[in-house]
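S.K.: The lines below spell out each chain.
4 protein chains.
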Amino acid sequence: MPTYTLAQVAEHKTTASCWVIIRNKVYDVTDFLFDHPGGPQVILDFGGQDATAAYVPIHPSDALDKNIAPEKHLGELDGASRRELSKAKNDKVKSKDELRVEVAVKSRPLLSRIINVQDMEETAKKLLPYKAMAYYASAADDSITHIENARAFSRFFFHPRVMRAVSGCDTSTTMLGHKTSIPVYISGSALARLGHPLGEINLTRGAYKTGIIQMVSTNASLSYGQIASARGSPDQPIFFQLYKHKNDETAAKRIREVEALGYKAIFLTVDALVPSNRELDTRAPHYLEDFEKGVNPQHNSQAKEGETEILGTAGGLIINNDVDMTWERTIPWIRGTTKLPIVIKGIQCVADAVLAAEAGCEGIVLSNHGGRQLDYSLPPVELLYKVRKERPDVFSKTEVYIDGGIRRGTDVLKALCLGAKMVGLGRAFLYAQSAYGEAGVVHLARILQREIKFGMESLGVRSIDQLVPEMVERVDWQPAVGARL
Amino acid sequence: MPTYTLAQVAEHKTTASCWVIIRNKVYDVTDFLFDHPGGPQVILDFGGQDATAAYVPIHPSDALDKNIAPEKHLGELDGASRRELSKAKNDKVKSKDELRVEVAVKSRPLLSRIINVQDMEETAKKLLPYKAMAYYASAADDSITHIENARAFSRFFFHPRVMRAVSGCDTSTTMLGHKTSIPVYISGSALARLGHPLGEINLTRGAYKTGIIQMVSTNASLSYGQIASARGSPDQPIFFQLYKHKNDETAAKRIREVEALGYKAIFLTVDALVPSNRELDTRAPHYLEDFEKGVNPQHNSQAKEGETEILGTAGGLIINNDVDMTWERTIPWIRGTTKLPIVIKGIQCVADAVLAAEAGCEGIVLSNHGGRQLDYSLPPVELLYKVRKERPDVFSKTEVYIDGGIRRGTDVLKALCLGAKMVGLGRAFLYAQSAYGEAGVVHLARILQREIKFGMESLGVRSIDQLVPEMVERVDWQPAVGARL
Amino acid sequence: MPTYTLAQVAEHKTTASCWVIIRNKVYDVTDFLFDHPGGPQVILDFGGQDATAAYVPIHPSDALDKNIAPEKHLGELDGASRRELSKAKNDKVKSKDELRVEVAVKSRPLLSRIINVQDMEETAKKLLPYKAMAYYASAADDSITHIENARAFSRFFFHPRVMRAVSGCDTSTTMLGHKTSIPVYISGSALARLGHPLGEINLTRGAYKTGIIQMVSTNASLSYGQIASARGSPDQPIFFQLYKHKNDETAAKRIREVEALGYKAIFLTVDALVPSNRELDTRAPHYLEDFEKGVNPQHNSQAKEGETEILGTAGGLIINNDVDMTWERTIPWIRGTTKLPIVIKGIQCVADAVLAAEAGCEGIVLSNHGGRQLDYSLPPVELLYKVRKERPDVFSKTEVYIDGGIRRGTDVLKALCLGAKMVGLGRAFLYAQSAYGEAGVVHLARILQREIKFGMESLGVRSIDQLVPEMVERVDWQPAVGARL
Amino acid sequence: MPTYTLAQVAEHKTTASCWVIIRNKVYDVTDFLFDHPGGPQVILDFGGQDATAAYVPIHPSDALDKNIAPEKHLGELDGASRRELSKAKNDKVKSKDELRVEVAVKSRPLLSRIINVQDMEETAKKLLPYKAMAYYASAADDSITHIENARAFSRFFFHPRVMRAVSGCDTSTTMLGHKTSIPVYISGSALARLGHPLGEINLTRGAYKTGIIQMVSTNASLSYGQIASARGSPDQPIFFQLYKHKNDETAAKRIREVEALGYKAIFLTVDALVPSNRELDTRAPHYLEDFEKGVNPQHNSQAKEGETEILGTAGGLIINNDVDMTWERTIPWIRGTTKLPIVIKGIQCVADAVLAAEAGCEGIVLSNHGGRQLDYSLPPVELLYKVRKERPDVFSKTEVYIDGGIRRGTDVLKALCLGAKMVGLGRAFLYAQSAYGEAGVVHLARILQREIKFGMESLGVRSIDQLVPEMVERVDWQPAVGARL
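Quick note, the sequences are listed as chains A, B, C and D, same order.
Numbering-wise (this note's numbering), the first sequence opens with residue 1 and increments by one.
Numbering-wise (this note's numbering), the second sequence opens with residue 1 and increments by one.
Numbering-wise (this note's numbering), the third sequence opens with residue 1 and increments by one.
Numbering-wise (this note's numbering), the fourth sequence opens with residue 1 and increments by one.
Be careful, since some hints might not be right.
[As the list claims (entries may be wrong)] In silico DSS-like cross-links for lysine-lysine, where the CA-CA straight-line distance does not exceed 27 Å:
hint : chain 1 : residue 1 : chain 2 : residue 2
1    : A       : 293       : D       : 126
2    : D       : 389       : C       : 386
3    : B       : 106       : B       : 125
4    : D       : 125       : A       : 293
5    : B       : 106       : C       : 246
6    : A       : 386       : B       : 339
7    : D       : 125       : D       : 209
8    : A       : 293       : A       : 66
9    : A       : 389       : B       : 389
10   : B       : 66        : B       : 25
11   : D       : 131       : C       : 386
12   : B       : 179       : B       : 264
13   : A       : 246       : D       : 453
14   : C       : 125       : D       : 293
15   : D       : 293       : A       : 389
16   : C       : 106       : D       : 293
17   : C       : 106       : D       : 96
18   : C       : 125       : B       : 106
19   : B       : 94        : B       : 126
20   : C       : 96        : C       : 106
If you're looking for bench data, these hints aren't it; they were derived computationally from the structure.
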């Protein structure tokens with residue numbers, strides 16, 4: 001295998017010829033520049049240089065093999081160059097944010113002090129690098145939908161029943177025929193390794209230990225195979241969240257790959273076809289720049305104004321999606337590609353819930369992508385309530401799931417009373433694995449199980465199927481902000 | 001009676017053999033470990049040691065006699081051991097929280113400066129040991145129901161009538177046939193001695209002086225007999241709040257005991273069968289630990305993670321309840337056990353109000369346990385309003401009481417206009433006796449009487465029976481937070 | 001005239017014999033003790049002493065003549081005693097609150113900087129002695145009704161009409177046949193001299209200059225005659241707000257007195273028969289005591305607990321009212337006593353508005369006493385809206401006024417669109433005269449006139465009678481708190 | 001041309017003879033005093049003096065020629081006087097506010113950091129002189145309508161459609177037949193030069209570069225001709241916002257002038273006939289006076305009280321308007337004056353929308369003048385919703401526009417779904433040109449285009465005409481204040 005010096009690599013930094021170094025290997029990425037989901041500029045910024053630190057945490061290990069033709073794997077750095085890189089890495093002064101994180105990690109609370117979902121979120125936000133926090137936490141525009149997703153649950157109150165036998169209360173149910181210990185699944189979300197070196201594997205292992213189901217994102221930071229291999233047994237069900245590539249063949253290849261790996265369902269995501277406006281994420285580089293400088297967050301207007309619009313971490317992930325999917329074309333195509341059950345993720349109005357059910361989809365997720373795409377999309381629990389009122393037949397035609405804004409066992413139970421079969425949490429599990437790895441995931445699932453079981457007993461039910469619409473009421477007032485006394 | 005040394009006792013600290021010292025007496029509690037309502041670990045933590053300080057404030061004086069067989073009352077400490085314990089107690093450095101309370105007690109306001117219910121609560125919270133405050137004040141999950149219980153009253157406005165003769169306005173009424181000076185009773189709540197050495201006796205004596213009725217909790221910190229003996233006269237009515245033990249015979253024994261002691265009614269509690277999530281209570285040990293250390297409330301993650309989940313003071317009180325009670329089985333059983341009137345406490349929906357009335361119960365309490373059990377249970381005044389609208393026949397079949405969120409005489413009057421016969425306050429009286437003992441209880445009742453009388457005169461009524469539904473309106477807006485100008 | 005020494009007076013300080021000194025004169029008030037509206041203790045606190053400073057600001061000049069029989073006007077202090085009192089007065093150290101007011105008065109803003117009603121209130125509150133501020137500003141219980149009175153207006157929006165000729169827009173109208181320059185009157189409120197030495201006279205003169213009408217309170221701090229004499233001309237209309245004494249003859253005497261003095265209407269107040277709970281007022285003595293001491297507002301609990309409940313300034317004013325008035329008895333009685341038009345002030349529900357109209361009253365005031373009596377009485381503009389919807393015939397049978405919560409010309413116009421003939425402001429004029437005397441009253445009236453005229457032009461109307469219900473809409477949302485940008 | 005000395009000019013400072021100096025020229029403005037829109041006092045304050053600094057930023061360059069007869073252009077200052085003025089100007093100590101602005105300008109953020117409309121507003125407010133900020137930002141009374149204009153949008157949520165082909169999504173549409181790149185126009189607002197020396201020209205050039213349409217205010221700070229000349233091509237459409245002078249001939253002259261200059265439509269403003277109460281603007285001189293003094297904002301009450309009521313910058317602009325316009329008289333008159341399409345700006349109720357449509361107007365603007373005139377005028381998007389529900393025929397009879405409260409692309413799309421053809425922004429573009437000149441205007445338009453395009457794709461539409469009422473729902477709750485996470 002040929003070797004290169006840093007100087008040699010440094011000459012290739014344009015669209016005409018662009019090389020990068022990753023883990024001491026040299027790649028010619030010229031042909032890939034315009035196929036990169038994040039656009040060419042993201043790569044060109046590292047043209048002719050070592051890109052390892054930026055690349056590794058957000059790409060699965062098989063990404064280079066999948067995307068860069070073998071002949072473009074040019075070779076390795078020579079020894080002197082390796083030593084030079086290594087020295088540079090050691091000499092690098094830690095950023096203020098890195099130092100902040102180091103301090104935060106030292107005072108991380110004992111896991112037993114985390115007693116609810118919000119504790120987990122708050123703890124993780126302190127421990128995460130700012131950019132990772134910004135990517136995980138950000139939502140669209142003014143975060144109205146993000147905030148209302150959670151707040152909507154607070155308008156639903158219970159009609160608990162008393163004097164009913166509840167001993168032996170059982171929280172288990174099924175999702176697409178697979179057993180789950182509680183009616184909660186881990187919703188697919190990108191880039192778990194931003195928060196923890198083991199990334200998605202923490203979720204897989206935690207799911208196994210607690211008997212719940214994980215959905216894996218197209219944008220996972222580990223390869224689909226690595227995640228599948230982390231399962232506790234071959235029976236452990238995992239699902240796949242699909243961003244359909246605009247090229248049907250590329251898309252089909254991805255589906256066949258995960259089917260072969262043992263994934264049990266395809267969750268086709270239809271609410272995130274184009275990059276959205278997530279301002280916390282967009283502003284993160286500005287924030288860090290100012291934080292390092294220790295100066296006023298505003299620049300001297302004489303400074304050179306850059307041309308490129310900065311899109312944040314999120315920007316690069318939603319590219320090359322098929323923006324022309326239709327019920328007529330896409331559902332038959334996917335049926336022809338796989339035998340796996342198909343679930344539409346991102347249903348945001350009653351009419352589309354009906355269309356999905358009529359199209360024979362095995363399930364739908366009432367979801368607005370956690371408030372990260374179109375602001376002022378209805379909160380899922382409000383949509384669920386509308387489906388219940390206007391088209392209750394949908395519940396008998398397809399499994400209905402919701403995600404977005406769930407923080408408590410009571411939220412889960414409200415959704416189930418209204419007809420949801422399962423409830424997904426995304427960010428919460430990301431935060432749990434970021435802060436405590438696999439143990440955090442297990443702990444979070446157990447908190448939810450405790451809350452769900454208590455709620456069922458208090459409602460007077462012994463099993464999930466006894467949760468009925470008569471047990472919830474949408475009140476006509478808005479509770480004040482809760483205090484966790 | 002045999003005597004023991006501290007060293008001898010210290011050898012018995014496991015489930016195989018567990019001894020404890022209480023008031024210089026030695027008990028073998030091995031057989032009782034798993035019957036303890038709070039679970040065995042709570043006792044094992046004191047295995048082989050003196051448990052007096054932890055035990056006394058939260059157990060009635062007859063608890064040892066009732067629960068520990070006579071032959072397990074082993075004997076006494078010898079003189080040297082007593083002196084050693086006594087010296088250890090004297091040498092014990094006061095905790096920061098104890099020192100804080102000492103300062104607070106010195107600046108306790110004159111009772112005459114307490115002019116409303118909220119003054120009493122705020123004052124008591126400053127005077128109480130943190131753990132007691134946390135137990136009294138805590139509510140479920142995010143305290144939504146706790147907060148909304150009170151806030152719901154603010155959506156009910158009056159239609160006061162003018163030009164009606166109101167001289168000689170009389171606030172008295174009856175509850176289960178017993179006369180009461182105002183339509184307010186002291187609702188049963190556990191562990192009054194956490195707040196004041198005389199505990200429930202303050203309530204009994206204050207109730208006597210002001211002509212109101214006390215309900216005594218199954219979890220009272222004095223024995224049912226001690227409380228009954230504190231009555232001002234044998235005619236003073238007291239009621240009993242019952243947690244039904246899962247063992248029918250144990251439960252029946254308890255009912256027969258209080259009937260013999262002269263209690264006049266059984267309030268069967270049906271909304272608190274299993275321990276709930278009260279986070280202020282749960283976090284109290286963490287809070288105090290950090291407060292003593294004077295350090296950051298977060299631990300170094302290297303610290304040993306404990307295995308036991310800490311449940312707070314509340315955890316131990318709701319155990320061994322009968323979680324399989326039903327209308328069909330339990331009501332006839334209790335009728336067969338006692339001649340006392342039966343009231344169901346913890347009705348949370350219209351349907352169950354109807355069932356209770358049809359089951360022939362003499363009364364029902366619309367209550368969600370002060371927001372301490374299932375969060376998002378409807379505020380009782382909202383439920384009362386629903387019963388009034390949907391099933392007004394309930395009011396003619398059974399006496400309807402409510403508790404939860406009452407802070408003002410106007411709250412009481414709103415409930416009575418809607419059909420409630422009486423209104424219960426729990427925490428408020430706990431706070432009053434904690435801060436000022438019996439005088440506080442008397443003062444609180446007089447504040448309420450003054451407010452109720454003024455409200456009746458201002459509504460244009462001379463007697464309780466003139467309060468009618470037409471005098472209240474549920475408005476469609478939410479008042480802003482009130483200011484006590 | 002006999003003279004007395006301080007020592008002689010000092011011997012008479014009990015209910016058996018009680019003398020007081022007022023303006024160097026000696027009165028035997030023994031017989032009057034239990035007729036005093038504020039109760040005997042208020043006088044006994046000054047028994048045998050000089051009561052001038054406490055007495056003068058809150059009693060009209062004819063009060064001694066009216067209430068103390070001539071033979072009880074015992075005589076005067078001798079010269080030495082007068083000098084002693086005078087010296088004591090001079091030597092008296094100013095209280096902290098007096099010093100605070102002195103500073104505040106020095107930085108009083110120019111009147112031209114007061115550009116709206118709220119400016120006036122905020123300015124006056126800084127300038128007033130604490131006790132006066134507390135009496136003026138206080139409201140019942142938690143001030144819900146006080147706050148909602150104003151907030152309710154914010155739910156009414158306009159349907160302004162454009163392309164209508166509005167030149168020569170005229171804001172004048174009539175009240176009980178008397179011309180007024182704007183549809184706003186000065187509502188009766190007690191004790192104007194707490195805020196300014198000229199007291200109610202400021203209101204009378206300001207009303208004259210701006211062509212508006214003043215209602216005088218039974219509890220005015222000047223005599224009814226002094227106020228009548230301050231009129232700019234004999235034609236200037238003034239109205240009388242009546243608290244009916246429980247003794248019919250005493251009440252009739254008062255009515256005949258004001259009729260003879262030229263008052264033009266009787267506003268019988270029916271919403272304030274008994275003293276209410278105004279906590280700011282009640283706590284004022286505590287506040288001042290602590291402020292002077294410069295210590296923690298909490299007392300050592302060892303301090304002697306006083307027996308008397310302190311009621312604040314308000315307490316003494318609502319005593320001896322007739323609490324047994326009825327439509328059947330009282331209206332005919334008052335008709336038999338006077339020829340003046342009768343207006344019922346304090347109507348708080350639709351049913352009573354109808355009864356008053358049917359009883360032939362010339363007017364009604366939808367009022368809850370500015371939120372100072374029963375908390376949770378409906379905001380008057382909400383009640384007005386209900387009358388408009390449920391019983392619009394009332395508007396054709398009697399003149400309907402409202403008071404409570406008016407802050408802007410737009411508030412006035414909303415009330416007029418809904419059917420009110422006039423709108424009253426009480427506190428606002430008290431604040432204006434307190435801060436700037438007569439000039440403040442004139443300025444306030446002109447601010448309102450400017451706002452009303454602008455509002456009429458913007459609604460497309462030229463005269464008051466063109467304001468119609470179609471021009472307002474009650475919206476189903478609650479505006480956020482306004483910002484005065 | 002004759003020359004004058006400062007001393008000579010200084011003699012003419014009364015209504016009898018009033019001269020002023022502007023750009024070293026001397027004008028006799030005696031005859032014009034009472035024709036001045038802001039009233040005579042504004043000029044008299046500069047009588048006999050140099051008025052250049054106050055005059056130039058708020059008057060178009062042709063104002064002197066239009067308003068002062070040629071013979072009153074008396075001549076020029078002599079050389080010595082010019083030097084004296086110039087020296088005085090140089091010697092003038094900068095005000096605190098000028099110094100504050102100088103600092104603020106130095107830390108102006110890079111334009112690329114401005115990522116939404118609110119960023120632009122916040123940035124501009126820091127950079128603007130206080131008086132200019134106060135004039136731009138101020139709203140009527142308590143700003144209820146100003147605040148609710150924006151807040152109302154938050155009650156409208158989307159029903160996004162998925163699985164619809166959206167590639168090639170096109171944001172362009174037409175307004176009165178003129179092409180526009182996005183459904184947003186620049187609404188006319190006065191005095192752009194308060195914020196930037198190039199004033200309205202920044203808007204004209206920015207509009208050209210981004211393909212949007214500008215409406216020019218009657219009170220523009222540049223002449224209508226200067227603005228027309230700044231167009232990028234003769235085809236660039238510009239519209240004219242008309243305040244109709246009470247004198248028909250003066251009004252007609254103005255209309256004919258702009259028609260001749262190539263303006264393409266007349267927007268007759270009917271909601272701002274008389275000066276309103278804008279308190280931020282009114283208080284600006286007080287604020288600055290206190291800021292300079294560095295003292296307490298309150299004056300010693302001994303200070304001389306001025307007689308003149310200060311009206312702020314806004315006061316002078318709304319004078320001499322025709323307050324007697326009617327549908328019957330004014331529409332035919334304007335039709336007889338011009339061939340341009342007529343749009344009524346300031347429709348505030350459904351009834352007037354219908355009247356305008358029936359009167360044959362080519363368009364209407366549902367507007368309340370940005371909340372600057374009558375407080376409690378309905379938010380335009382609420383009015384739009386009412387028109388849609390009650391009189392949908394209006395949309396087929398005339399083009400309907402709205403302005404007021406638009407901050408996001410989602411706001412624009414909600415209005416279009418409900419039937420609006422275009423949406424206007426006023427303040428936002430003023431802020432943009434104030435902070436960054438033409439580049440700011442371009443940047444703002446591009447932000448809106450990005451947000452609108454993303455919103456359309458997310459709603460599942462490819463073109464503006466696919467936006468339909470079914471895509472929005474007015475929810476019955478009020479979202480919490482948004483956080484821009």
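S.K.: Now tell me, hint by hint, if it's right for this structure.
M.R.: Verification of the supplied hints:
1. A/293 x D/126: Distance ~22 Å between residue 293 of chain A and residue 126 of chain D Cα, so the pair holds.
2. D/389 x C/386: Holds: residue 389 of chain D and residue 386 of chain C sit about 25 Å apart, inside 27 Å.
3. B/106 x B/125: Holds, because 14 Å separates the two Cα atoms, which is no more than 27 Å.
4. D/125 x A/293: Given pair residue 125 of chain D, residue 293 of chain A holds - Cα atoms ~25 Å apart, limit 27 Å.
5. B/106 x C/246: Roughly 47 Å between the alpha carbons, so the hint for residue 106 of chain B and residue 246 of chain C is violated.
6. A/386 x B/339: Violated, at roughly 50 Å.
7. D/125 x D/209: With Cα atoms ~25 Å apart, residue 125 of chain D and residue 209 of chain D stay inside 27 Å; holds.
8. A/293 x A/66: Distance of about 39 Å is beyond 27 Å: violated.
9. A/389 x B/389: The given pair, whose Cα atoms are some 23 Å apart, holds under the 27 Å limit.
10. B/66 x B/25: 16 Å, holds
11. D/131 x C/386: 45 Å, violated
12. B/179 x B/264: With a Cα-Cα distance of about 13 Å, the restraint between residue 179 of chain B and residue 264 of chain B holds, given a limit of 27 Å.
13. A/246 x D/453: Given that 27 Å is the threshold and the Cα spacing comes to 19 Å, the pair holds.
14. C/125 x D/293: 25 Å, holds
15. D/293 x A/389: 65 Å, violated
16. C/106 x D/293: 17 Å, holds
17. C/106 x D/96: The given pair, whose Cα atoms are some 26 Å apart, holds under the 27 Å limit.
18. C/125 x B/106: 34 Å, violated
19. B/94 x B/126: 18 Å, holds
20. C/96 x C/106: Judged against 27 Å, a Cα distance of about 16 Å means the pair holds.
Hints 5, 6, 8, 11, 15, 18, counting from the list given before, are not met by this structure.
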